[in-house]
Amino acid sequence: MAKTIIESGNVAAAMAVQLARAEVIAAYPITPQTPVTEKLSELITRGEMDAEYIAVESEHSAMSVCIGAASCGVRPFTATSANGLLYMSEQLHWAAGARLPIVMCVVNRGLGAPWSVWNDHQDAISQRDTGWIQVFAKDHQEIVDMTLKAFRLAELVHIPVMVNYDGYYLSHTYMPFEKPDAAQVDAFLPAFEYKHALNPERPESLNTVTLPDSRRDVDGVLRGGYMDIRHNLHQEMYLAMEVWQEIDDEFQKIFGRGGAPVLDPYRLDDAEFVVIAMGTLANQLRVVVDRLRSEDGLKIGVLAVQMYRPFPNTLLAEALQGFKGVMVFEKGLSYGDQGALYGDIKSALYPYPARPRLSNYIVGLGGRDIPTESLYQTTKAACEQDSSTPPAEANAPQWIGLQL
Amino acid sequence: MPDSRFKVLTSASTSGPGDAGRTGSWRVERPVIDMQRCIPAKTGKHACHLCWLYCPDSVVSKDLGPTINLEYCKGCGICAEECPAKAISMVPDADFIEGESRG
Chain A
1 MAKTIIESGN VAAAMAVQLA RAEVIAAYPI TPQTPVTEKL SELITRGEMD AEYIAVESEH
61 SAMSVCIGAA SCGVRPFTAT SANGLLYMSE QLHWAAGARL PIVMCVVNRG LGAPWSVWND
121 HQDAISQRDT GWIQVFAKDH QEIVDMTLKA FRLAELVHIP VMVNYDGYYL SHTYMPFEKP
181 DAAQVDAFLP AFEYKHALNP ERPESLNTVT LPDSRRDVDG VLRGGYMDIR HNLHQEMYLA
241 MEVWQEIDDE FQKIFGRGGA PVLDPYRLDD AEFVVIAMGT LANQLRVVVD RLRSEDGLKI
301 GVLAVQMYRP FPNTLLAEAL QGFKGVMVFE KGLSYGDQGA LYGDIKSALY PYPARPRLSN
361 YIVGLGGRDI PTESLYQTTK AACEQDSSTP PAEANAPQWI GLQL
Chain B
1 MPDSRFKVLT SASTSGPGDA GRTGSWRVER PVIDMQRCIP AKTGKHACHL CWLYCPDSVV
61 SKDLGPTINL EYCKGCGICA EECPAKAISM VPDADFIEGE SRG
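So the sequences go chain by chain: A and B.
Residue 153 in the numbering used here sits at position 153 of the first sequence; the count goes up by one each step and never skips.
Residue 68 in the numbering used here sits at position 68 of the second sequence; the count goes up by one each step and never skips.
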C-alpha cells in the first residue's frame, strides 16, 4: 500500500532506492549527502533491504564499485555531493562510455575553494559533459519518483543517470510525500538483466585500448572504433529523452503522478514572460510569478528544466517561441562566460525565427540566501524594461544578492 | 534488457588473433632475421627461441627458421635486444614500401 510519509529529502531518496531493490550500495559520506547512505546502511543492517553495502575509502572507489557491480549485471546505487562528485569524475566518464546503467543521487552543494557545505548547482553543472543523464528534482515527491524512473531509464538505455536535488533545501527539510506501493514498483521496475554481464564461461576484454579505426573482430564482425562508440552514446542520449517521456507516461498510469518529465510549465498558457530555473528555485519562482500576476498584472509563468542532459533543445526552443522576455535564474555558471543553462537556452533558440529578449541571473552560490522579494524585484524590472538589452549585457549574467 | 531501439555500442573483445586491432600498423621499424646467425636456423635444433619467448605480441614462430607475423608485430625491438646471436636487426619499415627503393 502506498502511504503518506513526512520525512527529509535524503530519507525519501533512500526509500526510493530500497523500493527499487538496488543490490549494491557503495558510497562515501559527504555533507549534505551523508544521511542517504546512513539510512541505506541502516535498512540493510536491519534486514529490510537485500543488498550488499560496500564501505569504500573514497568516491572514486564508490563509483568503481558501481561500475564493477553493473558490469556483473547487478543493480548498483551511490550518492554524493560537491567535491565527492569531482573525485569520481574520471569514473563518471568511464561509466557512461562503458554504457553501464548506474543511478546516483547528487545532493547539490557548492565546490571548494573556499570550502562550502551549502547549496548551489556548480557540482552537477561541472560534470554535464560526462555522458551522464542529469535530472533535477524540485521537491521530495520528485526525488522519490525521479529515482524510481531513473533506474528504469538507465536500464532501458544503458546510460547512467544522475538524480540531482538541492542540498538542505530538500535534503534536510521535512515534507510530506507518498511512498509508493512496493508491488506496484516491482511491476514498474523489473529486475536488471544484462546479457553482457561478466561471465567466466564467456571471457571478454571490456573497454581495453580501442584503436581510432573500426576493426573486424575474431569472428569477422565489424566493430566500432573509439569515435563510433562515442557517436553512438551521443545519438542514444537524444533518444533517451524520448524513453524518459515514455517511462513517465507508464509511471503516471500506475502511480497517478507525472506529466512533465522534461519541462515543467507553470501558468504559461497566456504568458508573455517566462522565468526558467532548475530544482527548488523553480518552485520559489512560482510564488514570485503569482505575485507579479496579482499585484502587477503581468502575464508571466515559470518553466522548470527537469532534464538538463540530454538537453531539450527542440522542446525548449519551441516552447519559448512568442514570448516577449525570458529570464534565466541559476546557481551554476561557466566562469568567465555566463550561466550554463542560459548559454544552452540561447544556443537552442538561435536557429528559430523568434528570439525573445533574454536575461541571466546568478543567485544563491554557496548557499547565499535567495529572498523571494529580490527575485520579485529582479523579475519585475526585467519585464518592465522598455528597450531591448544591449548585446554585450545580454551575454553577461547579473549577480543578484552580492554583499560587497 | 535494453530497449530495442538502442544499439549500446561498447568496446568488447574476445581472445583471438588481433582482436585488439592490426597492431602492425603502429610499426616504424621491423625485425629482420639473419638465418646465418640465428641459432635454431643455423644448428637445425630447437634451441634458444628467446625471440619467441620474449615477444609481447606472440608474433614470432617457434620454427627452425623463425618467422614474424607482420600484421601484428608492433616493431618494439625486444626480440633484437634479446637475441644472443645478434641475428635480428631493426630496419626502417619505409625501406620495404613497395616500388620504392631506398638503397
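In case anyone wonders, no lab produced these hints; they're calculated from the structure.
No experiment lies behind these values; they were computed from the predicted model shown.
Ideal placement from N, C-alpha and C gives every residue a C-beta, glycine not left out.
Among the hints, a few may not be true.
To be verified - Over 10 Å on every C-beta distance to chain B, these chain A residues come out as not near it, computed from the model:
#1 Gln184
#2 Ser205
#3 Cys383
Unchecked claim - Quick list of in silico lysine-lysine cross-link-like pairs, DSS-like style, CA-CA up to 30 Å:
#4 B:Lys42 / B:Lys7
#5 A:Lys195 / B:Lys74
#6 B:Lys45 / B:Lys7
#7 A:Lys195 / A:Lys299
#8 B:Lys62 / A:Lys253
#9 B:Lys62 / B:Lys42
Q. Among the hints numbered above, which are violated by the structure, and what are their numbers in rising order?
A. 2, 4, 5, 6, 7, 8
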